[in-house]
Each structure stands twice: as C-alpha cells, then as structure tokens.
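There are 2 protein chains.
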Amino acid sequence: MLHHLQNESVDQFKKRMEIVSLIDPGFWTRFGVHYGLFVGALQSNATSGQLGYWFEKGALSLNKFIGCFAMTELGHGSNVPGLETTATFDEASDQFVIHTPTLTATKWWIGGAAHSATHAAVFAQLIVKGKRYGTKCFVVPLRDPKTYNLLPGVNIGDIGKKMGRDGIDNGWIQFTHVRIPRGYMLQKHTKVSRTGDVKEPKLQQLTYGALLQGRVTMVADSGHVSKKALTIAIRYAAVRRQFASSNANGVETKLLDYPIHQRRLMPLLAQTFAMLFTGTEMTAMYNYMMSRLDSAKEGDKDLDEVIEMLKETHSTSAGLKAFCTWNCLSTIEACRQACGGHGYSAYTGLASMYQDFAVQCTWEGDNTILTLQLGRYLISSYREALKGKKLSPGVGYLNNLHSLIGRRCKVSNLDDILSFDVIAEGWQVVCAHVVKNAGSEFEECLKRGLNVDDAYEQCSQSRLYAAKLHSFNYLFNRFADAVRKLSGNLYAVLKTVCLLYGLYTIEENAGAFLQYEYFTPAQIEFVRMSVNDLCRQVRDQAIPLVDSFNLSDYAINSPLGRKDGNVYVHYFEQVKRSNPQGEHPYFDRLIKPLIHKQSNEDDYEEELAGLEEEEEEEE
Amino acid sequence: MLHHLQNESVDQFKKRMEIVSLIDPGFWTRFGVHYGLFVGALQSNATSGQLGYWFEKGALSLNKFIGCFAMTELGHGSNVPGLETTATFDEASDQFVIHTPTLTATKWWIGGAAHSATHAAVFAQLIVKGKRYGTKCFVVPLRDPKTYNLLPGVNIGDIGKKMGRDGIDNGWIQFTHVRIPRGYMLQKHTKVSRTGDVKEPKLQQLTYGALLQGRVTMVADSGHVSKKALTIAIRYAAVRRQFASSNANGVETKLLDYPIHQRRLMPLLAQTFAMLFTGTEMTAMYNYMMSRLDSAKEGDKDLDEVIEMLKETHSTSAGLKAFCTWNCLSTIEACRQACGGHGYSAYTGLASMYQDFAVQCTWEGDNTILTLQLGRYLISSYREALKGKKLSPGVGYLNNLHSLIGRRCKVSNLDDILSFDVIAEGWQVVCAHVVKNAGSEFEECLKRGLNVDDAYEQCSQSRLYAAKLHSFNYLFNRFADAVRKLSGNLYAVLKTVCLLYGLYTIEENAGAFLQYEYFTPAQIEFVRMSVNDLCRQVRDQAIPLVDSFNLSDYAINSPLGRKDGNVYVHYFEQVKRSNPQGEHPYFDRLIKPLIHKQSNEDDYEEELAGLEEEEEEEE
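Line by line, the protein sequences give chains A and B.
Heads up, the first sequence is in UniProt numbering, so the first residue is 1 and it goes up one at a time.
Heads up, the second sequence is in UniProt numbering, so the first residue is 1 and it goes up one at a time.
Everything labelled a hint here was simulated from the structure, so no lab data went into it.
Be aware that one or more of the hints could be misleading.
In silico lysine to any residue, SDA-like type, Cα no more than 25 angstroms apart, as pairs [as the list claims (entries may be wrong)]:
(1) Lys191(A) - Gly160(A)
(2) Lys563(A) - Leu450(B)
(3) Lys161(A) - Glu252(A)
(4) Lys597(B) - Lys447(A)
(5) Lys161(B) - Tyr148(A)
(6) Lys576(B) - Tyr148(A)
(7) Lys447(B) - Lys136(A)
(8) Lys563(B) - Val20(B)
(9) Lys254(A) - Asp415(B)
(10) Lys563(A) - Asp415(B)
(11) Lys129(B) - Gly196(B)
(12) Lys161(A) - Ile156(B)
(13) Lys254(A) - Asp453(B)
(14) Lys447(A) - Asp415(B)
(15) Lys254(A) - Tyr568(B)
Footprint (simulated), chain B over chain A, 3 or more residues, beta carbon under 8 angstroms [stated by the list, open to error]:
(16) 75-83
(17) 266-275
Chain A residues, not near chain B, derived (Cβ > 10 angstroms throughout) [said to hold, decoys possible]:
(18) Glu525
(19) Val575
(20) Asn579
(21) Lys597
The structure displayed is predicted, hence computed values, not measured ones.
Built from N, CA and C at the ideal position, the CB exists for glycine as well.
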C-alpha cells in the first residue's frame with residue numbers, strides 16, 4: 001500500500017482505498033487512522049513548518065513513525081470541548097505537560113494505539129498561566145520506535161474485542177505528567193509563544209473544514225457497501241428456489257420472482273443508486289468548498305460566501321452521513337435476512353459486513369447528534385429566509401415557503417404522479433412544512449423564555465424529523481439530477497430505478513405527505529401500487545444493474561454472491577475447507593462423561609434388537 | 001441442568017430456561033435442540049409405544065443419547081414439503097433406506113449434529129412401493145455412542161462460524177443408503193405396515209400444534225431480551241453525561257434528560273411491556289388450545305371449534321413471532337447505538353446480543369413468510385366474515401366491518417385522544433381498512449383469472465401490511481387489557497407506559513391513520529406532541545421500571561448496565577482483566593520491518609533535539 005501511496009495520483013489512490021475498504025474494512029481503518037486521521041490532524045492544525053518537520057521525521061513515509069488520533073475519552077465522545085485531558089504550559093522548561101487527571105479522561109477507542117503507534121495527535125485542554133483556552137491538538141510520542149517500549153509517563157492498553165473491525169488495534173492511553181516541547185502543539189490556528197502569550201484565531205469556523213472529510217467519504221462509502229450487500233442478496237435470489245408455483249410442474253420459483261422478495265430488495269437497490277450519486281455530488285461540493293476555504297483569508301470580500309458554503313457543507317454532510325450510514329446498515333441486515341438461514345453463516349459475508357459497518361453510525365459524529373446539527377441548520381435557515389436572506393441551493397426551497405405551504409399535487413391523471421417533477425415538488429412541499437413546524441416550535445420555546453440552546457433541545461424531535469425528510473429530499477434530487485443528464489437505454493433503466501426510489505420514500509413517509517395534504521389518500525394508494533409495479537420492472541434489470549457494480553468475486557468474497565451463480569457448490573466447498581472433518585473437539589472431555597454417567601452398559605446392537613420386539617408387540 | 005430438569009416442575013424449569021437463555025443463548029440452544037426440538041418431534045410424531053421406547057433408550061435422561069432435529073437442507077428451508085431427502089421402504093428387509101440424492105438435499109444448519117448428537121429426527125420424503133407420501137419424521141442413529149464414530153453411510157461436518165450462537169455446533173449431514181428399522185419412522189399420524197400399506201391421518205391439521213411451541217415462546221423471549229438491552233442502555237443513560245446545559249455551571253447533562261434520548265429509548269421500553277404482556281397471553285392461548293387439541297378426536301362435535309382455535313393460534317403466533325423478533329432486534333441495535341462508542345465494545349454485551357438474537361428472525365419460520373401466513377389468515381377471515389361467519393376473538397373486529405369502515409375519531413377535545421378506548425378504536429378502524437383492501441385486492445386477482453395461490457402472491461405486500469398493523473393492534477390490546485386489571489400506583493405508572501406505546505405506534509403508522517381518515521392532520525400533530533410528553537413522563541419512572549425487571553448484574557453481564565451505576569470503573573476493570581498489558585503481539589514480525597525499512601538510523605533522542613532547533617528557527 002505504501003508503494004501505491006507513493007506512486008499513484010491521489011485520485012487513483014482514493015479509488016484503490018474505496019475497494020480496499022470493501023474487502024477488508026479493518027485494514028482500511030488501520031491505514032485510515034494514520035493517513036486519514038493523524039496526517040489529517042497535522043494538515044489541518046500544523047503550521048507549514050511543523051508539517052514539514054513531522055513529514056521529515058517519517059510521518060508520511062512511516063519511517064520509524066506510525067501515528068494515531070487521540071481525541072475521544074472514556075467519559076467523553078461527541079462533546080469535544082468537554083475533554084478532560086490537560087496540556088499545561090510550563091514556561092520554565094518551555095514544555096507542555098500532558099496529563100490524564102481522572103479515570104474518565106483516559107483516552108479511549110484510540111485506533112492504532114494498542115500496539116502500532118509511535119505518536120499520537122492528542123486533543124487536550126490548553127492551559128497557559130492558569131487560564132483555559134479550550135481543546136487543542138498536540139503531538140505526543142508514545143513509544144520508542146526501536147523497542148516499542150512505552151515512554152515514561154505513558155500507560156497504554158488494548159480495549160479488546162469489539163463488535164467488528166478487529167483488524168485495528170484500538171487502545172486506551174493515560175498520561176502522567178508527560179512533557180513535550182512547546183513546538184509539539186500544532187499552532188496553525190492558536191499560537192503559544194515562548195513567554196506564554198496565547199494568540200487565538202479570529203475565525204474559529206475556518207478551522208473545521210478538514211474534520212468534514214470523514215463524513216463526506218462515508219456518504220459514498222454507504223453506497224459502496226450497499227452495492228456489495230445487494231450483489232450477494234440479489235444474485236442469491238436469482239438462484240435460490242422455494243415453493244412450487246402451481247403452473248410450473250413442480251419446479252420451485254426463484255426468490256427474485258416473488259413480489260414480496262422484489263419488495264424487500266428492489267427499493268434498497270434504488271436507494272443505493274441514490275446514495276452513490278449523492279456521494280459523488282457531496283464529494284465535489286466538499287472539494288470545491290475546501291479549495292475556496294484554503295485560499296480564504298480574514299478580510300476577503302467573499303469570506304461571507306465561503307462561510308455560507310462551509311455551513312451548508314457542514315450540515316448537509318452531517319445529515320447525509322447519518323441517514324446514509326443508517327440506510328446502509330439496514331440494507332445489510334435486510335440483505336442478510338433475505339438470504340434466509342444462510343445469511344446467518346459467517347461465510348455469506350453479510351454478518352461480518354454488518355458488524356464491521358455498524359460503527360459508522362457512531363464514529364465521526366454520532367448519527368443522532370449529526371441529524372440534530374442539520375435540524376438546527378434548517379431552523380436557522382428558515383428564520384433567515386423569513387428575514388429575506390437568499391439561502392444556499394440545498395435549502396433554497398425555504399426561500400419559497402409562501403408558495404410551497406399548502407400546495408397540493410395537481411395532476412389530472414394518477415399516472416402523472418410517475419414524474420420526477422411531481423415527486424420533487426412533493427418533497428419540497430413536505431420539507432417546507434416540517435422545517436416551518438420545527439422553526440415555529442423553536443420560536444414558541446424562545447417565547448416561553450427558554451434560551452437558544454434549551455429551545456433547540458426542546459424541539460429536538462422536530463429537528464430530527466425535519467432533517468430526515470430533508471435528507472430524503474436531497475438524496476432524491478441528486479439521483480434525479482444525475483438521471484436527467486442521461487439518454488437512451490441507460491436513461492430508461494435508471495429513470496425507472498429513480499422513480500422507484502422517489503415513490504418508495506414517499507410511501508415510507510406517507511404520514512407526512514398526507515398530513516400536509518400534498519397527496520390525497522387515493523393518490524397515496526396509487527403510490528403504493530406503483531411501488532409494486534416499479535419493483536417488478538426493476539427486478540427485470542436487477543442482475544444487469546448488480547453486474548454493473550463490477551465487483552469481482554474476490555471483492556465480494558461470498559459464495560452466495562458468486563457471478564457464476566453456482567452458489568451451493570461454492571458454499572459447500574468453503575464450509576468444508578474452513579472446517580475439516582475429523583476428531584470431535586470435546587467428546588472425551590464433555591460429551592462422554594455426560595452420556596455415559598449411568599450404569600446401564602448394554603451395547604448398541606442389543607438396543608436395536610430391543611426396538612424390533614417392542615414394535616412387533618405394538619402392532 | 002439435567003438435575004434441575006429431573007427435579008423441578010415443568011413451569012419452574014421453563015422459568016429457569018428463560019433466564020438461561022438471557023445469560024447464554026448458545027447454551028440454551030444446545031439444550032433446546034435436544035429437549036425442545038428432538039424430544040418435541042418424538043412427542044408430536046411418535047406413538048406412545050415409540051415414545052416409551054426412545055425414552056427408555058435414553059432420550060429423556062441423555063443416557064448414551066443426544067438427539068438433533070434434521071429438517072432443513074442446503075437448498076430447502078421454509079418449504080418443508082419440498083425437502084429432497086428420501087426414506088424409501090424396503091419391504092424385503094422391513095427397513096427404510098434414508099438417502100441424500102443431491103447436494104442440495106444435504107441436511108444443513110442441524111444444531112448439535114456437528115459434534116454432539118447420537119441420533120437425528122430426520123424429515124424425509126416417505127416413498128412406499130414407488131409412491132411418495134410427503135415429508136415424515138424418522139429417527140436415524142448417527143454415531144456409535146461409545147466411540148462417536150459415524151455409523152456406516154452417515155457423513156457429517158461442521159458448518160462452521162456463524163454470526164452468533166457459536167455455543168451450538170451446527171452441522172451438515174449426508175446419508176448414503178442408510179438403513180433403519182421400519183419402527184424408527186414416527187407413526188403417530190401416518191402409519192406404514194409390515195406389508196407396505198400406508199395409512200394417512202384424516203385431519204392433517206391436528207398434527208401441527210406442537211410445531212407452534214417455538215414461535216409462541218419467541219414472543220415472550222423477544223420481551224425478555226429487550227428487557228436486558230434496555231436495562232443496559234437506560235442505566236447507562238442515567239449515568240453518562242454529555243454537553244453542559246447553560247444553567248448548570250458546567251456540569252454536563254445526563255443523556256436520559258435529553259428529550260431526544262428519551263425519544264430513542266422510552267417508546268422501546270413501552271414496547272417491551274407490550275411484548276411481555278402479549279407473550280403471557282399468547283402462551284396461555286397456546287396451552288389452552290393444546291389441551292383441547294390433545295383430547296380431540298375425529299368425529300368430536302366440538303372439533304370445528306378446536307380447529308378454529310388452532311388456526312387462530314397458528315396465524316396469530318406467526319405474526320407475533322415475526323414482529324416481536326423484528327422489534328427486539330431493532331431494540332437491541334437502538335440500545336447499542338444509544339450507548340455511543342461504548343456500544344461497539346464487546347464488553348458492553350449489546351453487540352453479541354444482536355449477533356445471537358438475529359437468527360430468531362429466520363428460524364422457526366422466516367419472518368416475512370410468517371407475516372404472509374398471518375396476512376392470508378386475515379384475508380380468509382375477512383371473506384368468511386362477509387359470508388356471515390362469527391370469527392375468533394383476535395379477528396372479531398372483522399365481523400364489524402360495516403361500522404368500522406369510514407369511522408372517524410369523535411373526540412371533542414384533543415386531550416381525549418389520550419385514552420385506551422380511542423387508541424383501540426383507531427387501531428380497529430385502520431386494521432379493518434387494510435384487511436379489507438388486501439381482501440379486495442385478492443378478489444380482484446381471482447377475477448382476473450389467477451388461481452388462489454398466485455392471487456395470494458400478487459397481493460403479498462398488502463398481506464404483509466395488513467399483518468403488520470394487525471399485530472400492532474393486537475400488541476396494544478393485550479397491553480391495555482393487562483393494565484386495565486391493575487389499580488393504584490401500578491395502574492397509574494403502567495397506564496402512562498401503555499398510552500406511550502399506543503400513541504407511538506400510531507405516530508409510526510401515521511400514514512395509515514391519515515389515509516383512512518380516522519385521525520385528522522391536527523389530531524396526528526397532537527399525537528406527535530403527546531409522544532414527546534409521554535416520553536418525558538415515562539423517563540421519570542424509567543429507572544424503577546428497569547429495576548422491576550429484576551435482572552441481576554450477573555444476568556446482565558455488562559459494566560454499562562451495572563445496578564450500582566459505577567459504570568466507568570467496572571468497564572475499565574473488565575477491559576484490563578480481559579486484555580492484560582504486555583508484549584506487542586506483532587511488533588517484531590510486522591511493525592518493525594515496516595517502520596525500520598529505511599536506512600536512516602538516527603536514534604530517538606537526536607530526533608527530539610532536531611525538532612527543538614527547527615522550532616527555534618521557525619519562530
């Protein structure tokens with residue numbers, strides 16, 4: 001991997017990592033902890049001199065150097081400003097003293113810390129001359145790179161077995177008055193001088209951009225992992241037969257031909273495309289924002305615009321990270337269940353996929369907290385729109401509240417609902433309503449005398465609901481935008497997939513569409529029936545669509561998802577290869593004492609004779 | 001366990017097993033495979049003479065005997081009549097020949113087969129004089145109980161690693177013309193004589209009762225496992241603090257005091273009570289039905305009534321098994337996510353709980369197929385009701401279709417919605433609508449010329465939807481019935497919990513309540529707000545409610561769920577105990593070659609000196 005890293009373009013290497021993450025998420029994490037988190041922390045927090053220094057010391061080439069990212073603590077996760085670890089400036093020695101003052105301040109979950117890392121990017125409370133300046137980042141050496149003995153004052157252990165991703169060694173770290181040079185504090189933003197003068201950045205916001213990289217990646221990653229799960233479940237469903245249909249001379253029906261099985265998998269296939277197109281769009285939005293941000297300086301005349309972009313990227317990526325990782329986790333589980341009993345076998349690959357993926361709902365921001373961040377952004381955008389401000393494109397519909405609130409679907413034929421424009425309008429109308437409701441609830445709370453933070457807490461359920469619907473709306477529109485650019489057969493196929501996604505999400509959220517009366521009950525009933533039809537249509541393209549993901553048998557690593565469809569032979573071979581027949585591991589030790597505890601010692605042949613007689617008597 | 005089994009009443013032993021299943025699901029399965037499935041197969045399929053014979057041979061006392069239950073095959077799960085294994089009667093020798101004719105006929109997933117069982121209850125196609133009589137049950141010896149060598153013609157292997165429950169040794173079995181005495185076919189229902197005359201039972205239905213035991217148990221079990229998950233998540237939420245509230249002098253707020261965290265856990269707590277009360281009711285219904293069934297004979301004048309009871313028990317338990325195991329699995333995952341990063345640690349217990357429980361959505365009937373069975377029963381009940389037949393209590397509301405269809409909620413004040421009667425009526429109205437829709441769709445299919453089976457397939461999504469809402473309705477009513485019998489403080493507390501359950505399920509299914517216009521949009525908005533209020537009210541009782549489950553720290557086995565609330569100390573101790581600090585397992589082999597591959601061999605102290613100088617230059 002180092003060879004590739006050093007000899008490929010960044011784009012090519014990123015593509016490589018996407019595939020690696022599908023094949024071995026644990027290894028990908030191991031790699032990502034150093035190159036994503038540790039190096040990322042340097043890039044966003046170090047001065048250019050410091051960055052050069054650490055790169056020269058081996059941080060980029062892994063020369064006597066592996067980094068880890070020590071942010072979370074035993075008692076502190078999402079609340080980074082609440083971290084307890086301290087970094088106290090000692091002017092006499094020109095050093096920082098890194099210290100773990102309590103059990104709950106123990107650095108926890110630190111990937112790579114248990115056995116691999118020589119250095120950590122430690123987030124700690126900066127204390128200078130008795131004053132606290134909040135959480136900053138410090139590079140702290142952990143181990144002698146020759147012997148891997150822990151350095152004085154550093155105590156590290158393995159946090160042990162996890163639900164999944166055991167390929168990465170997560171550890172805990174405690175510091176006992178560990179001294180580091182002043183220059184090990186990363187001082188791109190906040191600076192501490194030799195004499196203990198602290199200079200803080202004017203625009204704190206500008207420092208957050210790089211932190212968004214992880215969650216932006218996870219939108220696309222949710223699409224990629226869903227592709228793998230669906231390839232397995234859909235290929236299996238095209239091979240597995242169950243129950244004879246009445247007109248097929250006893251040949252059992254393929255799972256994929258059952259309307260209910262189409263209902264289980266086709267909407268998830270459609271959703272995967274939505275996440276993939278949205279992931280591409282989100283990445284482009286992030287890259288553009290970062291390029292603007294990198295060149296932005298205080299006093300620039302377009303600084304407000306850059307900050308608006310940062311806010312939109314921050315909150316959109318928060319909501320999408322949350323809903324896409326949730327969607328992906330549910331997709332994996334639905335695919336696992338759709339494989340019946342074999343889905344529970346480790347060799348099918350879906351169990352470990354679930355176990356490895358589950359952490360994505362928590363790391364880089366707990367999903368619920370992220371949805372609330374998006375909800376908060378939606379409420380503040382709503383309030384700004386009321387004041388006449390022109391909003392960013394993603395929330396632009398809030399500038400049209402007046403025309404959206406109360407609008408109903410005006411189609412003359414039910415069939416006209418099968419249109420991107422109607423679906424998109426419906427989502428806008430519904431989102432306008434739920435954001436307005438959340439905003440009104442928030443303002444009610446303010447009127448009742450709550451402060452801003454408490455008011456936001458009180459309406460958190462409405463924030464979450466608004467964020468959920470807004471994210472579905474966003475996903476549909478990115479999918480539809482992408483499809484609109486296509487033509488020919490590709491357009492025809494993906495249009496159907498996109499319509500399925502749109503109507504499926506409406507069906508799933510029928511309560512909102514009825515509550516705000518965009519659709520009538522009869523129209524919703526039509527939506528329900530159309531989802532059935534569209535599932536059947538997408539089923540006809542399901543195998544080509546899955547083949548288009550172009551994941552090799554090696555990447556899929558599941559006999560149920562084999563491209564040749566020879567499911568049972570491969571499965572049986574894998575089970576036999578992994579479990580050679582032979583001795584019974586616990587017969588002598590456990591089974592024998594249990595079943596031979598009684599005195600009766602008739603031999604087996606006599607027993608057989610016994611039954612024959614008894615049977616004769618019975619008849 | 002054998003001691004307890006032989007010295008306790010059945011009821012007491014069942015209670016013991018409930019607790020064992022919470023503590024060690026793998027062991028519980030190991031026990032259940034023999035005593036539940038194998039002995040259960042004997043009890044429901046053996047003549048009394050055969051039963052006595054096998055008990056005397058050691059099947060009850062585990063004397064040189066452990067049984068397993070060999071039904072599913074590599075290529076066949078839910079479709080039992082489609083099993084491929086054959087049992088051909090050889091008149092010359094008065095024996096059956098058990099044979100695996102194809103790879104897909106390999107018995108698969110057979111718990112206990114890999115290393116433990118001496119005998120299997122094998123389900124195979126009975127063939128006599130060239131004629132097939134369908135799937136029957138045969139006892140087939142697998143191993144010599146003294147040596148555990150496989151008997152001639154028997155080939156067995158371990159199916160290996162699973163998502164969870166690795167405490168049970170699931171295996172695969174292939175038979176090559178294995179001969180067993182005729183008397184080893186269990187002949188309570190179908191009988192084969194010495195001369196090959198086959199006598200089949202007139203009332204095939206009466207043979208199914210015992211098969212329902214497992215799924216009935218799983219309704220209550222879903223409640224029990226949910227109790228354990230919620231005890232962990234709720235106790236942790238009462239200890240974990242995160243983010244400072246503005247008016248608390250920097251002390252962080254307990255998770256449990258956040259409205260959004262209440263929203264995550266309180267409805268699931270309410271749902272757990274619904275499943276527990278329903279489980280009790282379901283068990284009583286099953287036991288009564290079985291007592292009637294056991295004494296029922298062909299020609300009895302109350303036979304029709306018994307068969308009606310069997311049908312209702314069959315379909316109700318099918319739907320409840322499906323929705324309760326799904327609910328429980330979601331509850332475990334929600335609890336795991338509610339514990340943040342620590343939920344991903346193996347020591348929290350929620351990861352393995354998910355992995356162990358997940359199989360319950362598949363075994364004893366795949367959940368989706370079970371919901372369709374309930375859906376089919378609902379449609380046929382609907383059609384019978386139209387013909388004027390008086391239905392069983394669980395579907396009795398279908399006898400009142402005329403008054404339910406189109407009925408709206410008639411409360412003068414919104415607050416009146418907070419009533420068991422209104423919620424119950426709402427569920428009846430909605431269920432009446434969705435069952436009627438499914439029934440009409442089915443009849444449309446018949447009119448279009450489809451046969452009955454194909455018509456049912458075509459409307460399977462409507463069947464599933466009807467089954468889902470019917471099951472929610474059923475759960476709410478069992479909960480409300482139980483609460484109505486209470487008084488005093490207990491009534492007051494559980495009434496709130498039950499109202500939360502009722503309104504939460506309405507909110508979750510708001511689309512249906514609006515589509516059939518039982519509630520207006522304004523009323524649904526009131527329901528949404530009331531769920532917030534009720535979550536807050538139930539939060540005040542959450543710790544006592546969880547304590548009332550009375551699960552010991554030993555049973556919970558999670559530092560996050562400790563009764564003493566000393567979460568972090570116990571967690572850290574468990575991590576250290578399980579992962580002693582010491583040598584690095586792969587430093588010499590992997591890390592050293594990686595990070596010392598370059599020629600530069602400066603020692604560590606020099607590097608530290610290097611930075612100091614560089615830093616000086618920089619400043």
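Taking the hints in turn, this is what the structure says about them:
1. For the hint linking Lys191(A) to Gly160(A), the alpha-carbon distance of about 37 angstroms lies beyond 25 angstroms, and the restraint is violated.
2. Taken as a hint, the Lys563(A) and Leu450(B) pair is broken in the structure, with Cα atoms around 34 angstroms apart against an allowance of 25 angstroms.
3. For the hint linking Lys161(A) to Glu252(A), the alpha-carbon distance of about 43 angstroms lies beyond 25 angstroms, and the restraint is violated.
4. For the suggested pair Lys597(B) and Lys447(A), the alpha carbons sit about 66 angstroms apart, so the restraint of at most 25 angstroms is broken.
5. Note on Lys161(B) and Tyr148(A): the hinted pairing is violated, with a Cα-Cα distance of about 35 angstroms set against a maximum of 25 angstroms.
6. This hinted pair checks out: Lys576(B) and Tyr148(A) have alpha carbons roughly 20 angstroms apart, not beyond 25 angstroms.
7. At roughly 72 angstroms between alpha-carbon atoms, Lys447(B) and Lys136(A) are farther apart than 25 angstroms, so this suggested pair is violated.
8. A hinted pair counts as satisfied when its Cα atoms are at most 25 angstroms apart, and Lys563(B) with Val20(B) qualifies at roughly 20 angstroms.
9. Between Lys254(A) and Asp415(B), the direct Cα distance comes to roughly 51 angstroms. Violation of the 25 angstroms bound is thereby established for this hinted pair.
10. A threshold of 25 angstroms between alpha carbons decides the hint, and for Lys563(A) with Asp415(B) the separation of about 59 angstroms lies outside it, so the pair is violated.
11. At most 25 angstroms may separate the alpha-carbon atoms for a hinted pair to count; Lys129(B) and Gly196(B) meet this at roughly 7 angstroms.
12. Proposed proximity of Lys161(A) and Ile156(B) is contradicted: the alpha carbons are some 32 angstroms apart, above 25 angstroms.
13. A distance of roughly 15 angstroms separates the Cα atoms of Lys254(A) and Asp453(B); the hinted pair therefore holds under the 25 angstroms criterion.
14. Taking the CA atoms of Lys447(A) and Asp415(B), the gap is near 23 angstroms; set against the 25 angstroms cutoff, the hint holds.
15. Of the supplied pair hints, the one linking Lys254(A) and Tyr568(B) is violated, its CA atoms being roughly 52 angstroms apart against a limit of 25 angstroms.
16. Against chain B, the segment 75-83 of chain A contributes 6 residues with a C-beta closer than 8 angstroms to a partner C-beta. That satisfies the three-residue criterion, and the hint holds.
17. With 0 residues bearing a CB less than 8 angstroms from a CB of chain B, the segment 266-275 of chain A misses the requirement of three and the coverage assertion fails.
18. Residue placement check: Glu525(A) does not keep its beta carbon more than 10 angstroms from all beta carbons of chain B (closest about 7 angstroms).
19. At roughly 5 angstroms, the least C-beta separation between Val575(A) and chain B is not larger than 10 angstroms, which violates its mark as non-interface.
20. A beta-carbon of chain B comes within 10 angstroms of the beta-carbon of Asn579(A); the shortest separation is about 4 angstroms.
21. At roughly 8 angstroms from the closest C-beta of chain B, the C-beta of Lys597(A) falls inside 10 angstroms, breaking its exclusion from the interface.
Going through the hint list in order, the structure does not satisfy hints 1, 2, 3, 4, 5, 7, 9, 10, 12, 15, 17, 18, 19, 20 and 21.
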